[in-house]
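Novice: Given these sequences and hints, build the entire structure.
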Amino acid sequence: MKKFITAFAAALTISTTAFGVDYTAQCTSVQLGSIDTSKVVALDAESTMAKAPAKAPSAADASGVYYYSYYSGSSSNSGDQEDSWNLIINGTEATIYGIFSDFAVKGTYNPSTGSIVVKPQDLVMNTYYNEMMKLFVLKQYDENLKPLETSVYMDEIEFQYAPDGVKLSNGEIICVGGWLAPDNLTLFVSCDSFKDEDGKGNTLIGGQGFAWHMMNRIQTLEEVYDNSYFKYDASEWKDAGTCKFTDGWFYQRNYTYDVPLKVKSNGSNEFLLVNPYDNAAINSLPADKMGNTASNKAGYIYINAENPDCVLVRPFVTSGWENTESIGNCAINVLNKEGQKVYMEYYESDEVVDELTGIGQKTSSMDENGKITILNAIFALQLDVPNPTAWTYEDGSVVDMTSYVELNLAGVEGIIADAENAPARYFNLQGMEVANPEAGQLVIKKEGSKTTKMIVR
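The sequence shown runs -7 to 449 under this note's numbering.
Read the hints as simulated data drawn from the structure, not as lab findings.
All values derive from a computational prediction rather than experimental measurement.
We put the CB at the ideal spot given by N, CA and C, even for glycine.
Do not rely on the hints blindly, as some may be mistaken.
[Stated by the list, open to error] Restraint-style ranges between C-beta atoms, simulated for each label pair:
#, residue 1, residue 2, range
1, Asp387, Lys138, 48 to 56 Å
2, Lys138, Gly83, 50 to 58 Å
3, Asn122, Pro278, 38 to 46 Å
4, Gly83, Glu425, 24 to 32 Å
[As the list claims (entries may be wrong)] Derived pair list, reagent style DSBU-like, types lysine-lysine, alpha-carbon separation capped at 35 Å:
#, residue 1, residue 2
5, Lys159, Lys333
6, Lys437, Lys333
7, Lys98, Lys131
8, Lys159, Lys131
9, Lys437, Lys230
10, Lys289, Lys236
11, Lys437, Lys363
12, Lys126, Lys223
13, Lys138, Lys111
14, Lys159, Lys230
15, Lys126, Lys236
16, Lys363, Lys333
17, Lys131, Lys111
Specialist: Rendered as structure tokens:
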């Protein structure tokens, strides 16, 4: 699942290939030895777990959105890929979305060891071939990543929680708070008929399928982007009444309606639109019938206006919008290009202004009256947060998705002024607050509007 862009008509419509898999495509047969083993990244031979889990994570701590990269053998999107997992743990049942589009992959969570076991399983019926798409676990390489002459079909793959990461032989520690699995195992999604044989009768990988050769490290978003998936913390926000929201992401700016607003308690110019696609104001609008079929419409739009000349819409925030008919049962994250560059690509806001104005583009901004104009809008599936995209017309041109937010500055400024001297707070990489961080611990420090990652001395 990569960057899929498609038409935006009066009603939201998406082609059969958008935000998922082109079921009509015949995927390239992937023969043994044809995969470049350099694409299958292994840990160093001397690598060890930095420390065994002293305590397995709770279901709440383990659940969330993670980053992963892999090599795809699909004819429609072959090569190096990056995506995200949405892991949900309920008791001992683990459900993973993102391995294969938005279809659920079931696993078993062991709370005593902090591991998830995934077995081969049926996923979805491919109506084009009239065959079941299945998830297989394959061993194509030995422990030294040398290709095996014949693939071995495994009964399971185990992902182990790594609270303190993995220590490489060069001393580098990676995958803190992520998940690990053996590097010589591969996940393969295919129809039943994928099993081919060579002249010697050996089973090969081929037929109509999707070979996803995983780099079997499921990383936290913090490790990749220095930013976590947003979790609302009531102590960080204050009510600020409502704002006027004119939506360009999904309602084409045909409607303006009131949305509950919160402001950051620390005094920074950060704003949170609460349940922007699930509030009473929408119910009276025709817009409510334009496509949001989410069973849970709760969500947020997170706006950072610290630099009024470069307003950021923060990524990794569930908006509460989805459309099961057009894009499957998958939550949407709304953001803008400015937010992508700052939160995902390590730009400073001034650098974003220089770059965009240098190519003749305006930047999102907030005027002195508190009107925020959000340009360069994009969005991302929760299952594909590394790859934001935009709506396009059938001719390929990008739809103007400008949005507007009108603040009640008199009320907002009074609330912000109350919290300019907020004390420093510390969080671990899983987003849990740490009251007294220990020396040597890697933490996220939040002081006023400034957030930094640091090692406690």
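Novice: All hints, please: hold or fail.
Specialist: Results of checking the hints against the structure:
1. Look at Asp387 against Lys138: about 49 Å separates their beta carbons, and that is inside 48 to 56 Å.
2. A beta carbon spacing of about 40 Å between Lys138 and Gly83 contradicts the range 50 to 58 Å that was offered as a hint.
3. At roughly 40 Å, the beta carbons of Asn122 and Pro278 sit within the given window of 38 to 46 Å.
4. Here the CB-CB span from Gly83 to Glu425 is close to 26 Å, well matched to the stated 24 to 32 Å.
5. A threshold of 35 Å between alpha carbons decides the hint, and for Lys159 with Lys333 the separation of about 30 Å falls inside it, so the pair holds.
6. Taking the CA atoms of Lys437 and Lys333, the gap is near 21 Å; set against the 35 Å cutoff, the hint holds.
7. A distance of roughly 20 Å separates the Cα atoms of Lys98 and Lys131; the hinted pair therefore holds under the 35 Å criterion.
8. Straight-line distance between C-alpha atoms of Lys159 and Lys131 comes to about 24 Å, which keeps the hinted pair within the 35 Å bound.
9. Using a Cα cut-off of 35 Å, the hinted pair Lys437 and Lys230 holds, with the two alpha carbons roughly 20 Å apart.
10. For the hint linking Lys289 to Lys236, the alpha-carbon distance of about 19 Å falls within 35 Å, and the restraint holds.
11. A threshold of 35 Å between alpha carbons decides the hint, and for Lys437 with Lys363 the separation of about 31 Å falls inside it, so the pair holds.
12. For the hint pairing Lys126 with Lys223, the CA-to-CA distance comes to about 33 Å; that is within 35 Å, so the pair holds.
13. Between Lys138 and Lys111, the direct Cα distance comes to roughly 24 Å. Compliance with the 35 Å bound is thereby established for this hinted pair.
14. A distance of roughly 41 Å separates the Cα atoms of Lys159 and Lys230; the hinted pair therefore is violated under the 35 Å criterion.
15. At most 35 Å may separate the alpha-carbon atoms for a hinted pair to count; Lys126 and Lys236 exceed this at roughly 47 Å.
16. With a C-alpha separation of about 22 Å, the suggested pairing of Lys363 with Lys333 holds against the 35 Å cut-off.
17. Pair hint Lys131 plus Lys111 holds up; C-alpha atoms about 13 Å apart against a cutoff of 35 Å.
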